[in-house]
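Number of protein chains: 2
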Amino acid sequence: MDLENIIKELIELLDNKRIKDLREFLYNINSADFPSILLELDDEKQIIIYRLLTKEKAAEVFVELESDEQEKLINRLTDVEIRNVMNEIYMDDAVDLIEEMPSNVVNRILTNTKPSNRKIINELLKYPEETAGSLMTTEFVDFNENITVSVAFDIIKQKGLKKETVYNCYVVNDDRKLLGVIDIKNLLVAETDELVKDIMDTNVIKTNTLEDQEEVTKMFNKYDCVAIPVVDKQDMLVGIITIDDAVDVIQEETEEDFELMVGITSTTDDSYFKTSVFMHAKNRILWLLFLMLSATITGTIMTNFENAIATLPILVAFIPMLMDTGGNCGSQTSTLIIRGLATDEITTKDFLKVIWKELRIALLVGFILAFINGIRILIQYHNILIATLVGITLILIVIASKLIGGILPIIAKKMKLDPALMAAPIITTIVDIFSVSVFFGLATIMFNI
Amino acid sequence: MDLENIIKELIELLDNKRIKDLREFLYNINSADFPSILLELDDEKQIIIYRLLTKEKAAEVFVELESDEQEKLINRLTDVEIRNVMNEIYMDDAVDLIEEMPSNVVNRILTNTKPSNRKIINELLKYPEETAGSLMTTEFVDFNENITVSVAFDIIKQKGLKKETVYNCYVVNDDRKLLGVIDIKNLLVAETDELVKDIMDTNVIKTNTLEDQEEVTKMFNKYDCVAIPVVDKQDMLVGIITIDDAVDVIQEETEEDFELMVGITSTTDDSYFKTSVFMHAKNRILWLLFLMLSATITGTIMTNFENAIATLPILVAFIPMLMDTGGNCGSQTSTLIIRGLATDEITTKDFLKVIWKELRIALLVGFILAFINGIRILIQYHNILIATLVGITLILIVIASKLIGGILPIIAKKMKLDPALMAAPIITTIVDIFSVSVFFGLATIMFNI
Numbered sequence: 014m015d016l017e018n019i020i021k022e023l024i025e026l027l028d029n030k031r032i033k034d035l036r037e038f039l040y041n042i043n044s045a046d047f048p049s050i051l052l053e054l055d056d057e058k059q060i061i062i063y064r065l066l067t068k069e070k071a072a073e074v075f076v077e078l079e080s081d082e083q084e085k086l087i088n089r090l091t092d093v094e095i096r097n098v099m100n101e102i103y104m105d106d107a108v109d110l111i112e113e114m115p116s117n118v119v120n121r122i123l124t125n126t127k128p129s130n131r132k133i134i135n136e137l138l139k140y141p142e143e144t145a146g147s148l149m150t151t152e153f154v155d156f157n158e159n160i161t162v163s164v165a166f167d168i169i170k171q172k173g174l175k176k177e178t179v180y181n182c183y184v185v186n187d188d189r190k191l192l193g194v195i196d197i198k199n200l201l202v203a204e205t206d207e208l209v210k211d212i213m214d215t216n217v218i219k220t221n222t223l224e225d226q227e228e229v230t231k232m233f234n235k236y237d238c239v240a241i242p243v244v245d246k247q248d249m250l251v252g253i254i255t256i257d258d259a260v261d262v263i264q265e266e267t268e269e270d271f272e273l274m275v276g277i278t279s280t281t282d283d284s285y286f287k288t289s290v291f292m293h294a295k296n297r298i299l300w301l302l303f304l305m306l307s308a309t310i311t312g313t314i315m316t317n318f319e320n321a322i323a324t325l326p327i328l329v330a331f332i333p334m335l336m337d338t339g340g341n342c343g344s345q346t347s348t349l350i351i352r353g354l355a356t357d358e359i360t361t362k363d364f365l366k367v368i369w370k371e372l373r374i375a376l377l378v379g380f381i382l383a384f385i386n387g388i389r390i391l392i393q394y395h396n397i398l399i400a401t402l403v404g405i406t407l408i409l410i411v412i413a414s415k416l417i418g419g420i421l422p423i424i425a426k427k428m429k430l431d432p433a434l435m436a437a438p439i440i441t442t443i444v445d446i447f448s449v450s451v452f453f454g455l456a457t458i459m460f461n462i
Numbered sequence: 014m015d016l017e018n019i020i021k022e023l024i025e026l027l028d029n030k031r032i033k034d035l036r037e038f039l040y041n042i043n044s045a046d047f048p049s050i051l052l053e054l055d056d057e058k059q060i061i062i063y064r065l066l067t068k069e070k071a072a073e074v075f076v077e078l079e080s081d082e083q084e085k086l087i088n089r090l091t092d093v094e095i096r097n098v099m100n101e102i103y104m105d106d107a108v109d110l111i112e113e114m115p116s117n118v119v120n121r122i123l124t125n126t127k128p129s130n131r132k133i134i135n136e137l138l139k140y141p142e143e144t145a146g147s148l149m150t151t152e153f154v155d156f157n158e159n160i161t162v163s164v165a166f167d168i169i170k171q172k173g174l175k176k177e178t179v180y181n182c183y184v185v186n187d188d189r190k191l192l193g194v195i196d197i198k199n200l201l202v203a204e205t206d207e208l209v210k211d212i213m214d215t216n217v218i219k220t221n222t223l224e225d226q227e228e229v230t231k232m233f234n235k236y237d238c239v240a241i242p243v244v245d246k247q248d249m250l251v252g253i254i255t256i257d258d259a260v261d262v263i264q265e266e267t268e269e270d271f272e273l274m275v276g277i278t279s280t281t282d283d284s285y286f287k288t289s290v291f292m293h294a295k296n297r298i299l300w301l302l303f304l305m306l307s308a309t310i311t312g313t314i315m316t317n318f319e320n321a322i323a324t325l326p327i328l329v330a331f332i333p334m335l336m337d338t339g340g341n342c343g344s345q346t347s348t349l350i351i352r353g354l355a356t357d358e359i360t361t362k363d364f365l366k367v368i369w370k371e372l373r374i375a376l377l378v379g380f381i382l383a384f385i386n387g388i389r390i391l392i393q394y395h396n397i398l399i400a401t402l403v404g405i406t407l408i409l410i411v412i413a414s415k416l417i418g419g420i421l422p423i424i425a426k427k428m429k430l431d432p433a434l435m436a437a438p439i440i441t442t443i444v445d446i447f448s449v450s451v452f453f454g455l456a457t458i459m460f461n462i
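So the sequence lines, in the order shown, correspond to chains L and C.
Just so you know, we're using the working numbering here: the first sequence kicks off at 14 and counts up by one.
Just so you know, we're using the working numbering here: the second sequence kicks off at 14 and counts up by one.
Looking at chain L on its own, in the form it has when it is part of the complex:
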């Protein structure tokens, strides 16, 4: 059944007050589908539906909602209902919630959280943003090294349902130091009287609380894990990061890169439509202003060649083509390098390798473009001198733009800046200055202006 039909059925059940059927119907809807469903209902219906969910489902649905919907909902829930939600949700989701709510809502949430959970939340809130510590959850299954497999299963049966994942279980010593990991598969095929320390994998892929979250996602990618344990400075197990949270981070970091690469400085994760017109303008204006003012440099250079333009006004006709081609060549290269740096395929040590590669590509591409454009100019203007001038300029521009596009992201990385800054907009502006100078400079020499 698709969403549209689900909503129709749901409203019908609700209008006919068939509460028992409705409860069963709701039970079978996936929690991840509720945000879109609730959005289609009016405020009153929303809260009725929400109150018909089981405790566990109510918490699951709550976590799936966008933060503005969460806030609206909290303001309409009773203290008891909030307490139920806070008892059910995972600690990492609780922390995300608290980070996004206004302070009056946070107060109400924390008053309705049991003290033991409040303590965990406060601990988690201490980790700097975008670190493994801020991403991890504290709900994992761990065993002491000296227990047997059958005791391990008892622990899972007893605690497992409340834990975010049982796919990987962790083995610690008496000091809670992380010793090993056991995949549930290996636990299942083991003999019941074996000690967990004898079947654990001691070669643990782990991270520490202060590691950058982007580095953590790279580990997920490389080692294909479903969870990565997080240890503190004393190598004590303090949490785990699950793959679904890692995937969210990958998506967020990619969006950030896409935006940064066209000069958008966004500070929120809100969707396109949720972001206000004013906020969109604010996110975009900074780089536009900077680039607009930088582009006047190119203009000023052109005015210095007023004589050349007056003598040969046709020259102006080639400016857009030269500027655009330079910009396009440069941003092709810079994008490849930025992505290569982001995925660790390229490192700052590859500086010379990149230059050497781009130089050869530029020569090949430059000559082809110059040749085809030369033919076009000969046909259109029957002027071999101009064809030569434009051709030489094109080749020089392609070389310069590919080198600039290859070098700047690596330099940015070296300077601990985000390489994604060195993308199309800034490369285009820099290449423009080069293009215009070279073109008019050469023209002045070739035509003795």
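Among the hints, erroneous ones may be present.
Here are the simulated DSS-like pairs of lysine-lysine, each with C-alpha atoms no more than 25 Å apart in a straight line [unchecked claim]:
| no. | chain 1 | residue 1 | chain 2 | residue 2 |
| --- | --- | --- | --- | --- |
| 1 | L | K170 | C | K176 |
| 2 | C | K127 | C | K172 |
| 3 | L | K231 | C | K231 |
| 4 | C | K287 | L | K362 |
| 5 | L | K170 | C | K127 |
| 6 | C | K210 | L | K172 |
| 7 | C | K175 | L | K235 |
| 8 | L | K287 | C | K235 |
| 9 | L | K85 | C | K235 |
| 10 | C | K287 | L | K231 |
| 11 | C | K210 | L | K235 |
| 12 | C | K235 | L | K176 |
Note that these hints are calculated values from the structure, not bench results.
Position chain C against the provided structure of chain L, taking the given hints into account.
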């Protein structure tokens, strides 16, 4: 221990012929680290190391290698060794391998694959590229609906180690129709004499063999699953897709978008350095050529305004700034819309909503840019008429570019083209034509040229 030290230690053990220690040392290295380690060794050492691995590890390491390294390795392995690898690797990896090897290598691989596996591989090869069928693996754990939990555990113990994942198990009826899914967590907490059909979740998130792989990754994102079952047209369970493969697809599709958005038409997944200079040039030249020739339209329009330029040569100085600002504004918008479409946050139905939003943003951004630039012109040229001309042009360009950037990706999507085509390069070229026409058109009127 970091990679550098691992390699040092490894070479030392090898040089001292301490084979037993070496074998143990290798056992503790993660398979995903081997590709980088092997690359640092000469050919002879590579094959010795590879032969010291256990059967399972050898297969795991083999799968991690880049395809050119796999080919090299196969050519140096004996038939028996190839048979061992092909017995151990998962079927989806086998299919990937066969798709990337040259035909003589494929022959040798298939001759050394046992007939039952060869049949599965041939089945999987039939699914069109980039579909769920081509991505799935056939190694999953499934139960008949009528067995008990304790029988289910026996099945897992017996088959589990050979299956790609046991985290989710699938329940089918006698016709192999997919009825439900059981998370291993729920199986562990269930009573041993319960029937699996009584504890299964019937609300299965599933896909079919011909579904686009990008849609499948969206399901992983939305529903936070670790595996999604794949059914055929008769709703029979034929395979599963695991989250690690979904993450790889997300990465690939993102790279494709990044490249397409700067006019790179890449056909391989090879890394930057693995791609030859010639291939790089080939990937980039097509769009460069098209855009270069398109940009000459802007140039030709400018030559039509030769009079304006001759009368007021200063006008030329504003061309780069106007062109760049238009391009930047347009690509900011188009990037946001392309991403919104890719993540389903924006749909083609949102056409008018996007236009209305961008129009308001453009007015706000346009006025700010025009105002600040106006001040700059007044200071630099003391000419209020030119400041007005450039200001009005700027506002019009910002509006046009933001609308074009918002509309084109949605139209592309409607026409079943990849919206990522409508990014910076093409938007810039289109906006250029508009910018130059409006600027000189307005100038002609305002200055009575």
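Against the structure, the hints:
1. K170/L with K176/C: At roughly 23 Å apart (the allowed maximum being 25 Å), K176/C and K170/L satisfy the hint.
2. K127/C with K172/C: holds, 18 Å
3. K231/L with K231/C: holds, 20 Å
4. K287/C with K362/L: OK: K287/C and K362/L at ~17 Å, within 25 Å.
5. K170/L with K127/C: violated, 40 Å
6. K210/C with K172/L: Answer holds: K210/C to K172/L is near 24 Å, not above 25 Å.
7. K175/C with K235/L: Holds, at roughly 21 Å.
8. K287/L with K235/C: Answer holds: K287/L to K235/C is near 19 Å, not above 25 Å.
9. K85/L with K235/C: holds, 22 Å
10. K287/C with K231/L: holds, 20 Å
11. K210/C with K235/L: violated, 37 Å
12. K235/C with K176/L: holds, 20 Å
In this structure, the earlier hints numbered 5 and 11 are contradicted, and the remaining ones agree with it.
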